[in-house]
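There are 2 protein chains.
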Amino acid sequence: MPVLSKIDKFSNFPEWYHDILRDADIVDIRYPVKGMIVWRPYGLKALRLAQGILIRLLEETGHQEAYFPTFIPESVFSKEKDFLEGFGGETFVVEGTMSKKFNERLLVRPTSETVMYYMWNLWIKGRKDLPLKMYQMVNVFRYETKMTHPILRVREIMGFIEAHTAHATMQEAEEQIKEAISIYKQFFDSLLLPYFIVKTPPWDTFAGAEYNYDFVTAAPDGKGLELGSVINLGQRFAKAFDLRFLDSDGQYKFVYQTCYGVSERVLGAVIAVHGDERGLFFPPVVAPIQVVIVPIFREGEEDVVDYARKVLKVLKESGVRAHLDLDTEHSPGWKYYYWELKGVPTRVEIGRRETSSNTVTIVRRDNLEKKTVPLEKLVDTLKETWLQIETHLKSRALDYLKKLTIIPHRQPQTEKGLIVAAWDGTKACAERLEQVYGKNVLGEIVESPIELPPLSEFENLCEKQPDRYALLGVTY
Amino acid sequence: MPVLSKIDKFSNFPEWYHDILRDADIVDIRYPVKGMIVWRPYGLKALRLAQGILIRLLEETGHQEAYFPTFIPESVFSKEKDFLEGFGGETFVVEGTMSKKFNERLLVRPTSETVMYYMWNLWIKGRKDLPLKMYQMVNVFRYETKMTHPILRVREIMGFIEAHTAHATMQEAEEQIKEAISIYKQFFDSLLLPYFIVKTPPWDTFAGAEYNYDFVTAAPDGKGLELGSVINLGQRFAKAFDLRFLDSDGQYKFVYQTCYGVSERVLGAVIAVHGDERGLFFPPVVAPIQVVIVPIFREGEEDVVDYARKVLKVLKESGVRAHLDLDTEHSPGWKYYYWELKGVPTRVEIGRRETSSNTVTIVRRDNLEKKTVPLEKLVDTLKETWLQIETHLKSRALDYLKKLTIIPHRQPQTEKGLIVAAWDGTKACAERLEQVYGKNVLGEIVESPIELPPLSEFENLCEKQPDRYALLGVTY
Chain A
1 MPVLSKIDKF SNFPEWYHDI LRDADIVDIR YPVKGMIVWR PYGLKALRLA QGILIRLLEE
61 TGHQEAYFPT FIPESVFSKE KDFLEGFGGE TFVVEGTMSK KFNERLLVRP TSETVMYYMW
121 NLWIKGRKDL PLKMYQMVNV FRYETKMTHP ILRVREIMGF IEAHTAHATM QEAEEQIKEA
181 ISIYKQFFDS LLLPYFIVKT PPWDTFAGAE YNYDFVTAAP DGKGLELGSV INLGQRFAKA
241 FDLRFLDSDG QYKFVYQTCY GVSERVLGAV IAVHGDERGL FFPPVVAPIQ VVIVPIFREG
301 EEDVVDYARK VLKVLKESGV RAHLDLDTEH SPGWKYYYWE LKGVPTRVEI GRRETSSNTV
361 TIVRRDNLEK KTVPLEKLVD TLKETWLQIE THLKSRALDY LKKLTIIPHR QPQTEKGLIV
421 AAWDGTKACA ERLEQVYGKN VLGEIVESPI ELPPLSEFEN LCEKQPDRYA LLGVTY
Chain B
1 MPVLSKIDKF SNFPEWYHDI LRDADIVDIR YPVKGMIVWR PYGLKALRLA QGILIRLLEE
61 TGHQEAYFPT FIPESVFSKE KDFLEGFGGE TFVVEGTMSK KFNERLLVRP TSETVMYYMW
121 NLWIKGRKDL PLKMYQMVNV FRYETKMTHP ILRVREIMGF IEAHTAHATM QEAEEQIKEA
181 ISIYKQFFDS LLLPYFIVKT PPWDTFAGAE YNYDFVTAAP DGKGLELGSV INLGQRFAKA
241 FDLRFLDSDG QYKFVYQTCY GVSERVLGAV IAVHGDERGL FFPPVVAPIQ VVIVPIFREG
301 EEDVVDYARK VLKVLKESGV RAHLDLDTEH SPGWKYYYWE LKGVPTRVEI GRRETSSNTV
361 TIVRRDNLEK KTVPLEKLVD TLKETWLQIE THLKSRALDY LKKLTIIPHR QPQTEKGLIV
421 AAWDGTKACA ERLEQVYGKN VLGEIVESPI ELPPLSEFEN LCEKQPDRYA LLGVTY
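Read top to bottom, the protein sequences are chains A and B. Okay, so the first sequence: first residue is 1 according to full-length UniProt numbering, each after it adds one. Okay, so the second sequence: first residue is 1 according to full-length UniProt numbering, each after it adds one.
Just chain A, with the same shape it has in the complex (with noise of 0.2 Å):
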């Protein structure tokens, strides 16, 4: 049996990380090529329910999926120069098969613009091919210099999940971006992860963006973690790809474009922030286990194991991600605590008691409690006690996050945490404070989950007078 080293997530993250990831069957960082890693079915079911949510909320919104080829000949990845600046370095390539060289060397996506953009010259002629909105869930490549850490900085992100629009102007752009961010959030407030919103600064945007928002949260050793950034593209791939439309007035303008997209780092960052000393824990929304089923019988009882086949039969057909292990090795104390550690959200305790009442016990992964209820409010209840789950690790993973929050007046400074500053925009404040907190500047915040102090309360590090709050932090 895999046994949890009881190791504070906060004292020790990248052990106690480590450890979950291998003992509750997520990934296998095993693989020979270093920066990619294997995918067990525990953990990729987990993603791919993440993952529908995301999908749901772009497909409501009009995005429509598509598939633009992994490979891009170099002539086209090299149209939009600052781009080419940003991510040719990183970039694997292929010069030819085992037997043969091409002639023009081909590159692997670690993103899609330039091979969608390409396309989009040919798509788009008309105001009324306006707005384009697509995305598409794929894998992208990047040979990062950064240290690597499994699901959270990766050389190949499997499942990117990347949405690209192109609009007649920029005030229609700017619409997009707000229902970006709103996307976004609503698909982390489903996973009860609480974020930072900021605005990068100039010198530190999307390679050919004019801005970008990143919503950040921290991971339990202070780090920062980029959970999906919003990108306003302006006008510079437009005009790199030739991106015209004939406008009503007779005259062809470059379209205004945006793009944003988020990764599995955002299980991995559900699997941070929600986890605990007991292990692993998946929101009920995510869990790709929601109920596991623990019938308590000595050799043949028979009747509560039938008892607990039809408790089962009952949460599948009201569409509940149930599992019921008959396994007799184990005892159920033993099952308990490995279903605790796969981070299963509630369990059904089943033993003689409650099949003599038709009856089921119902037991929180977060603080214990038990509840039994008749079978007949078995669902109803499962479904309240996941609401009052969801609202305890909300309000926990906020609370993490405040403790990992540094406002530098208020507490003492400590290693560990993101910084928020008192700044003026200026590159040169920015300089001041990455020197006197020996981290950098994320950006602005726009939006901040926890109540800031007034800026005046905030010690002045900059020449003029700061009317923004700075984000500081070292991120994976």
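The hints are simulated quantities; they were obtained by calculation from the structure and are not laboratory data. Here the structure is a predicted model, which means the values were calculated and not measured.
Below, simulated DSSO-like cross-link-like pairs (lysine-lysine); rule was C-alpha separation at most 30 Å, straight line:
no. : chain 1 : residue 1 : chain 2 : residue 2
1   : B       : Lys125    : A       : Lys45
2   : B       : Lys316    : A       : Lys185
3   : A       : Lys101    : B       : Lys81
4   : A       : Lys34     : B       : Lys100
5   : B       : Lys335    : A       : Lys133
6   : A       : Lys335    : B       : Lys133
7   : B       : Lys34     : A       : Lys101
8   : B       : Lys383    : B       : Lys310
9   : B       : Lys45     : B       : Lys223
10  : B       : Lys310    : B       : Lys370
11  : B       : Lys316    : A       : Lys383
12  : A       : Lys133    : B       : Lys313
13  : B       : Lys239    : A       : Lys34
14  : B       : Lys125    : A       : Lys34
15  : B       : Lys45     : A       : Lys45
16  : B       : Lys310    : A       : Lys128
17  : B       : Lys34     : A       : Lys125
18  : B       : Lys45     : A       : Lys125
19  : A       : Lys316    : B       : Lys178
20  : B       : Lys253    : B       : Lys81
21  : B       : Lys128    : A       : Lys6
22  : B       : Lys223    : B       : Lys427
23  : A       : Lys133    : B       : Lys310
24  : B       : Lys125    : A       : Lys6
25  : B       : Lys128    : A       : Lys45
26  : A       : Lys100    : B       : Lys100
Put chain B on the given structure of chain A with help from the hints.
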């Protein structure tokens, strides 16, 4: 408006197919890497629906989804020698990034045996780890030397669903082969595709395998289309990757393995087989739009439009994939033509008469039969209508396949079609058959959708008395 030249798919399949893919918004072949294509949302939606059917069948039979990396170190790829020989030449190679050369070359997966079994070596320990049944849905890459054709033969296969299994005994592996065949039969049957199942001859077997079965149908030009393969890998990979388990008798034993895969080619087959002179024809189960609502109204007849909206709502609430065409630029006749071209299996016409009487007129795409029913019977009538359409499409497809399957002594031998011949199973006779008919032996027919005449009726071109049927053809 895309105007489909009224090409007969049997007399000029390449042109018909090319026009259909473009005009019905399935894929765009103008991507600047040969053999790599872009999937447009309408085509991709149909593919996702088809994939969903197969994934459901795989999950119901206990296959679990996993994900293994795209890049395979050359040393791992080379472990099974026949496999290396079979796939090595057409494998894309990554030697580094734009700025760095790697120590070891990485191969881009042409299929996932090696990457997967490398990990299985770490996972399979005892009898209770077996059977292991996994699948993944991935993009795979093969530098095909055969001529490429959109969807049917490409260099990036973007939707390969490959299943892999490991078993304690050969008998269990053979049972698994039966299950796989049954899954594929259900899958292709649901797409209304008729097929031969052939057992490939030893000299044409999947690299590293014992034997394999192929599902084969015919394109309208008479070429064979392989829909899927089911492969008994025996113990060759198990030996190459040292996949052993501790059996109950205390001995370590090699596992027996199978694998089976289907790609997006199946959607190419759906398009090729079911399309006709009016364009695409999607079976209702994979139609991105199952019903298009075309209101027939003049300016000011807002009540007709309102009624059409109500009909749309009724359909959506019943889970029907419906679209309301409110475009005012085009006539209803134009719209009928357009949506037929896009393969929508049923249309609902709504005019003054329907609006006044609270009815709808349903039109079938296959025979243009009309039926007017009260609104409250719409959904039920549609479901009946789809069953009728399915029956019709299925029998039409079988007629097509009959027409494209030549029994030499019964009909004049043309260039066009698959050929059935009597065979003794020897390589000598296979070569003779290939010489006489100018086609390749695809294998021994183990299941035929068409009743075949007794072997004794066939001309005997073998030395021995033929005891089986061979299927010959030229494949995509």
